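Keeping their order, the protein sequence lines are chains H and X.
If you count the first sequence from 1, position 8 lands on 8 in this note's numbering, and the numbers rise without skipping.
If you count the second sequence from 1, position 48 lands on 48 in this note's numbering, and the numbers rise without skipping.
Source of the hints: derived by calculation from the structure; they are not laboratory data.
No experiment lies behind these values; they were computed from the predicted model shown.
Some hints could be false.
Simulated crosslink set (DMTMM-like; lysine to aspartate or glutamate; CA at most 25 angstroms straight-line) [to be verified]: (1) H:Lys82 x X:Glu223; (2) X:Lys119 x H:Glu342; (3) X:Lys246 x H:Glu261; (4) X:Lys245 x H:Asp295; (5) H:Lys126 x X:Asp151; (6) H:Lys24 x X:Glu267; (7) H:Lys82 x X:Asp151; (8) H:Lys272 x H:Glu299; (9) H:Lys17 x X:Glu148; (10) H:Lys17 x X:Asp227; (11) H:Lys231 x H:Asp243; (12) X:Lys86 x H:Asp332; (13) H:Lys17 x X:Glu157; (14) H:Lys82 x X:Glu157; (15) H:Lys126 x X:Glu223; (16) X:Lys221 x X:Glu267; (17) X:Lys119 x X:Asp81; (18) H:Lys344 x H:Asp311; (19) X:Lys125 x H:Glu343; (20) H:Lys193 x H:Glu227; (21) H:Lys82 x X:Glu148; (22) H:Lys82 x X:Asp203; (23) X:Lys136 x H:Asp40; (24) H:Lys230 x H:Glu216; (25) X:Lys119 x H:Asp332; (26) H:Lys139 x H:Asp172; (27) X:Lys67 x H:Asp332; (28) H:Lys344 x X:Glu133; (29) H:Lys17 x X:Glu220; (30) X:Lys136 x H:Glu345; (31) X:Lys245 x H:Asp26; (32) X:Lys221 x H:Glu14; (33) X:Lys245 x H:Asp40; (34) H:Lys17 x X:Glu267; (35) H:Lys126 x X:Glu148; (36) H:Lys24 x X:Glu223; (37) H:Lys126 x X:Asp178; (38) X:Lys136 x H:Asp332; (39) X:Lys246 x H:Asp295; (40) X:Lys86 x H:Glu261.
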Amino acid sequence: MSERFSGHHFSLTERMKYLSSGTKYDSCNQSAICHAFGPDGRCIQLYKTLLTNYCSGECTYCPNRCERDVTRVSLSPDEITKITWSFYRKNAIEGLFLSSGVIGEPEITSQKQLEVATLLRQQGFKGYIHLRLMPGTPKYILDQIAEVANKFGVNAETTNKSNYSEICPNFDYQNDVLQRLHWTDRIIRKKRKEFRGTNRLVGANDTQFVVGAVNEPDSEIVNTVSEFMKKYSLRRPYFMSFDPVPDTPLSENRPSPLWREQRLYQVSYLLKEYGIKADDFDVVYDEHGFLSNSDPKLELAKANRDMFPVDINSASFSDLIRVPGIGPISADRILRSRPLFEEKELTRMGVVVGRARPFICINGKSQASLSDFLEACS
Amino acid sequence: MIITFFPFVGSVLQASLYIMKYPYAELLYGSNSAEIEMKLCFVKKDDTEKILHAANVCSDQIPELMKKLFSNKWHKFSKADIPPVKYIECVLRHSSVDLAAFVRFLAGCNGNIDALYNKRSREGKRYYTYMREVTKSYHSLCMFARTEVFDNLIISEINPPHSISDLFCKWLGRRNPDLPVAVIQNDIAYIANGEYLGYKHFDVLPASEIESLRSSKRDEKLENLWDMYYCTQMIDNRRNPGLAKKMQPAYTSGISRMAAKDRYRVERGISNTTLFDFTSI
Numbered sequence: 001m002s003e004r005f006s007g008h009h010f011s012l013t014e015r016m017k018y019l020s021s022g023t024k025y026d027s028c029n030q031s032a033i034c035h036a037f038g039p040d041g042r043c044i045q046l047y048k049t050l051l052t053n054y055c056s057g058e059c060t061y062c063p064n065r066c067e068r069d070v071t072r073v074s075l076s077p078d079e080i081t082k083i084t085w086s087f088y089r090k091n092a093i094e095g096l097f098l099s100s101g102v103i104g105e106p107e108i109t110s111q112k113q114l115e116v117a118t119l120l121r122q123q124g125f126k127g128y129i130h131l132r133l134m135p136g137t138p139k140y141i142l143d144q145i146a147e148v149a150n151k152f153g154v155n156a157e158t159t160n161k162s163n164y165s166e167i168c169p170n171f172d173y174q175n176d177v178l179q180r181l182h183w184t185d186r187i188i189r190k191k192r193k194e195f196r197g198t199n200r201l202v203g204a205n206d207t208q209f210v211v212g213a214v215n216e217p218d219s220e221i222v223n224t225v226s227e228f229m230k231k232y233s234l235r236r237p238y239f240m241s242f243d244p245v246p247d248t249p250l251s252e253n254r255p256s257p258l259w260r261e262q263r264l265y266q267v268s269y270l271l272k273e274y275g276i277k278a279d280d281f282d283v284v285y286d287e288h289g290f291l292s293n294s295d296p297k298l299e300l301a302k303a304n305r306d307m308f309p310v311d312i313n314s315a316s317f318s319d320l321i322r323v324p325g326i327g328p329i330s331a332d333r334i335l336r337s338r339p340l341f342e343e344k345e346l347t348r349m350g351v352v353v354g355r356a357r358p359f360i361c362i363n364g365k366s367q368a369s370l371s372d373f374l375e376a377c378s
Numbered sequence: 001m002i003i004t005f006f007p008f009v010g011s012v013l014q015a016s017l018y019i020m021k022y023p024y025a026e027l028l029y030g031s032n033s034a035e036i037e038m039k040l041c042f043v044k045k046d047d048t049e050k051i052l053h054a055a056n057v058c059s060d061q062i063p064e065l066m067k068k069l070f071s072n073k074w075h076k077f078s079k080a081d082i083p084p085v086k087y088i089e090c091v092l093r094h095s096s097v098d099l100a101a102f103v104r105f106l107a108g109c110n111g112n113i114d115a116l117y118n119k120r121s122r123e124g125k126r127y128y129t130y131m132r133e134v135t136k137s138y139h140s141l142c143m144f145a146r147t148e149v150f151d152n153l154i155i156s157e158i159n160p161p162h163s164i165s166d167l168f169c170k171w172l173g174r175r176n177p178d179l180p181v182a183v184i185q186n187d188i189a190y191i192a193n194g195e196y197l198g199y200k201h202f203d204v205l206p207a208s209e210i211e212s213l214r215s216s217k218r219d220e221k222l223e224n225l226w227d228m229y230y231c232t233q234m235i236d237n238r239r240n241p242g243l244a245k246k247m248q249p250a251y252t253s254g255i256s257r258m259a260a261k262d263r264y265r266v267e268r269g270i271s272n273t274t275l276f277d278f279t280s281i
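Whole structure, please, built from the sequences with the hints as guidance.
Here is the structure:
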């Protein structure tokens, strides 16, 4: 039942309701202030909305695919701008996350998204703007978006061409996604060089994967993310667990477990912040290439027992950050505050000592492992 | 001897240096010179008693004072926690701080900046806790305080436990550089971007002066719009009350009306049943 066909006029509140619900699964937070938390514990930081849920695409997992009978509504760029400003002034959000269904051509949709971001910036909006663009967005629009959005990108959805054509039959992985990621990367690099030392805004590249819509293993997703980080300077990958939607070709499929999304996020942070390589995770996958439901860093440490314990007072930064419970910030604090003599000092630096204890040696002392104990007994 | 000082970082550091030199001196503070003069009338034994005034210094001179008080290594811990200068500022803003005792504590650190953070002494632990409480309170305000938006003014009424209203006002002013912002606490109003109203960029006024500038009533419609938006972001099968309560603790509901409503939904969840469901049966 669409707005157009039913003849029913939807109020702004009703339209907002439909379109905001359409983005509830999208993860898009930046690391700034959270203004509210939903009953599911997730931070509500941005005004997340679709521009429209009219869509010409036939993506098999999507609730807004063109063949599905759903209420179709749109918000005009002016309306989105006004709502964003109102919430922002109210101190209820930090910015806007804008995605959309494809209205006819990707170019038209992206142009509308650009219009919203430009309008906000022209009105002096200093908040965060995140645009999720359409596959096939033209280069000249990407060029303009880089100057108004903090983060933007095209969703990769999956790891390769054949998987992509299976779930997004209207678009081409190579041309509509990878080519756009490549252009985005080049535009951002060029603009960073051009605006170095100035306060001009230059966006960053991001993408999203639908986890579990096709049977790609985690190893494939991790390798793709790592490749994107190298090739396209991907700032941050987002993951969305697949949930079957009624009246779609994938409605009979099983939903992806929620922990899978969480473990993939953890791996992506390990790739980005810890400098761990995608190949290093080969030892933590099961025989089918999937991660288990436990902390990947802990699994990695368990699989490389010979690297531990590391001496807190002499280990390098790269060795320290491999210890579960020690992150880049606490590793940096340790390096600056050496020598350290007590676990208490580590706690104060933000180290989760309970997790780190089996893998560290402090002041010549380390926790005995069961294998050491058995060895000593024999 | 009496050492007088203001509750500002530069003045407190200067007073700590004086107290290191004259450990038996009496400490006296006031928010301005008049208050100090008034207090001196009660405290001064006779006119011959020496009075040393620790004047406030500009922010450029603070590193120099820190160096004198804590040696060259004073900035070493800036990565491990909040920087020492910020630490001192936070403690000074705490509602329970005894300023004279804090000045003596700073002097008693004997140049060891670690004493501020390591919580080995009872005082060290207390001031560290004060610092954390003030920081937490400020962050909570930035997260959960809401504003009333008028045509020509943004107003936020708050009542934080510590003196951080000016900080919050400056923060709101930076967020909204194109509008004047007023933060009202009891009968005082802090103004940021005051030049739009003919005041200084940052100013402190009686609240009554701001009340007269309110041009319209509270926008209830916007709050309803937010309620609706909030409810759309909930994923039913991911409800996690434990995590949600941890992220939005109960005390946040006292910060603003909107935060209270959000907190209620964190506690009770969002009902799917509406009046319409009853009438349509």
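Hints, one by one, checked against the model:
Between Lys82 (chain H) and Glu223 (chain X), the direct Cα distance comes to roughly 14 angstroms. Compliance with the 25 angstroms bound is thereby established for this hinted pair. Taking the CA atoms of Lys119 (chain X) and Glu342 (chain H), the gap is near 14 angstroms; set against the 25 angstroms cutoff, the hint holds. Proximity of Lys246 (chain X) to Glu261 (chain H) is assessed by CA-CA distance (about 21 angstroms); at most 25 angstroms being required, the pair is judged to hold. Restraint check for Lys245 (chain X) and Asp295 (chain H): satisfied, since their Cα atoms lie roughly 24 angstroms apart, inside the 25 angstroms limit.
A distance of roughly 19 angstroms separates the Cα atoms of Lys126 (chain H) and Asp151 (chain X); the hinted pair therefore holds under the 25 angstroms criterion. Between Lys24 (chain H) and Glu267 (chain X) the CA atoms are separated by roughly 20 angstroms; this keeps the pair inside 25 angstroms, and the hint holds. For the hint linking Lys82 (chain H) to Asp151 (chain X), the alpha-carbon distance of about 14 angstroms falls within 25 angstroms, and the restraint holds. Proximity of Lys272 (chain H) to Glu299 (chain H) is assessed by CA-CA distance (about 18 angstroms); at most 25 angstroms being required, the pair is judged to hold.
For the hint pairing Lys17 (chain H) with Glu148 (chain X), the CA-to-CA distance comes to about 23 angstroms; that is within 25 angstroms, so the pair holds. Restraint check for Lys17 (chain H) and Asp227 (chain X): satisfied, since their Cα atoms lie roughly 10 angstroms apart, inside the 25 angstroms limit. Annotation: proposed proximity of Lys231 (chain H) to Asp243 (chain H) is violated, straight-line Cα distance about 30 angstroms (limit 25 angstroms). About 20 angstroms separates the Cα atoms of Lys86 (chain X) and Asp332 (chain H), which keeps this hinted pair within 25 angstroms; it holds.
About 29 angstroms separates the Cα atoms of Lys17 (chain H) and Glu157 (chain X), which puts this hinted pair outside 25 angstroms; it is violated. Only pairs whose Cα atoms come within 25 angstroms are accepted, and Lys82 (chain H) paired with Glu157 (chain X) is accepted, the gap being roughly 24 angstroms. Note on Lys126 (chain H) and Glu223 (chain X): the hinted pairing holds, with a Cα-Cα distance of about 22 angstroms set against a maximum of 25 angstroms. Between Lys221 (chain X) and Glu267 (chain X), the direct Cα distance comes to roughly 24 angstroms. Compliance with the 25 angstroms bound is thereby established for this hinted pair.
With a C-alpha separation of about 13 angstroms, the suggested pairing of Lys119 (chain X) with Asp81 (chain X) holds against the 25 angstroms cut-off. Only pairs whose Cα atoms come within 25 angstroms are accepted, and Lys344 (chain H) paired with Asp311 (chain H) is accepted, the gap being roughly 16 angstroms. Our distance criterion of 25 angstroms between C-alpha atoms is met by Lys125 (chain X) and Glu343 (chain H), whose separation comes to about 18 angstroms. In summary, the hint linking Lys193 (chain H) to Glu227 (chain H) is supported, as the alpha carbons are separated by about 23 angstroms, within the 25 angstroms threshold.
Between Lys82 (chain H) and Glu148 (chain X) the alpha-carbon distance is near 16 angstroms, which keeps this suggested pair within the 25 angstroms criterion. With a CA separation close to 30 angstroms, the supplied pair Lys82 (chain H) and Asp203 (chain X) exceeds the 25 angstroms bound. Using a Cα cut-off of 25 angstroms, the hinted pair Lys136 (chain X) and Asp40 (chain H) holds, with the two alpha carbons roughly 23 angstroms apart. For the hint linking Lys230 (chain H) to Glu216 (chain H), the alpha-carbon distance of about 21 angstroms falls within 25 angstroms, and the restraint holds.
Pair hint Lys119 (chain X) plus Asp332 (chain H) holds up; C-alpha atoms about 21 angstroms apart against a cutoff of 25 angstroms. Between Lys139 (chain H) and Asp172 (chain H), the direct Cα distance comes to roughly 16 angstroms. Compliance with the 25 angstroms bound is thereby established for this hinted pair. Using a Cα cut-off of 25 angstroms, the hinted pair Lys67 (chain X) and Asp332 (chain H) holds, with the two alpha carbons roughly 23 angstroms apart. Distance restraint check for Lys344 (chain H) and Glu133 (chain X): the Cα-Cα separation of roughly 21 angstroms lies within the 25 angstroms cut-off, and the hinted pair is therefore satisfied.
For a cut-off of 25 angstroms, the pair hint linking Lys17 (chain H) to Glu220 (chain X) stands: about 18 angstroms separates their Cα positions. A C-alpha spacing of about 22 angstroms is found between Lys136 (chain X) and Glu345 (chain H), which places the hinted pair at or below 25 angstroms, so the restraint holds. Note on Lys245 (chain X) and Asp26 (chain H): the hinted pairing holds, with a Cα-Cα distance of about 22 angstroms set against a maximum of 25 angstroms. Distance check on the hinted pair: Lys221 (chain X) and Glu14 (chain H) sit about 14 angstroms apart at the alpha-carbon level, within 25 angstroms; holds.
About 10 angstroms separates the Cα atoms of Lys245 (chain X) and Asp40 (chain H), which keeps this hinted pair within 25 angstroms; it holds. At most 25 angstroms may separate the alpha-carbon atoms for a hinted pair to count; Lys17 (chain H) and Glu267 (chain X) meet this at roughly 22 angstroms. Simply put, Lys126 (chain H) and Glu148 (chain X) have alpha-carbon atoms about 19 angstroms apart, close enough for the 25 angstroms limit, and the pair holds. Our distance criterion of 25 angstroms between C-alpha atoms is met by Lys24 (chain H) and Glu223 (chain X), whose separation comes to about 20 angstroms.
Note on Lys126 (chain H) and Asp178 (chain X): the hinted pairing holds, with a Cα-Cα distance of about 10 angstroms set against a maximum of 25 angstroms. Between Lys136 (chain X) and Asp332 (chain H) the alpha-carbon distance is near 24 angstroms, which keeps this suggested pair within the 25 angstroms criterion. A distance of roughly 21 angstroms separates the Cα atoms of Lys246 (chain X) and Asp295 (chain H); the hinted pair therefore holds under the 25 angstroms criterion. A distance of roughly 38 angstroms separates the Cα atoms of Lys86 (chain X) and Glu261 (chain H); the hinted pair therefore is violated under the 25 angstroms criterion.
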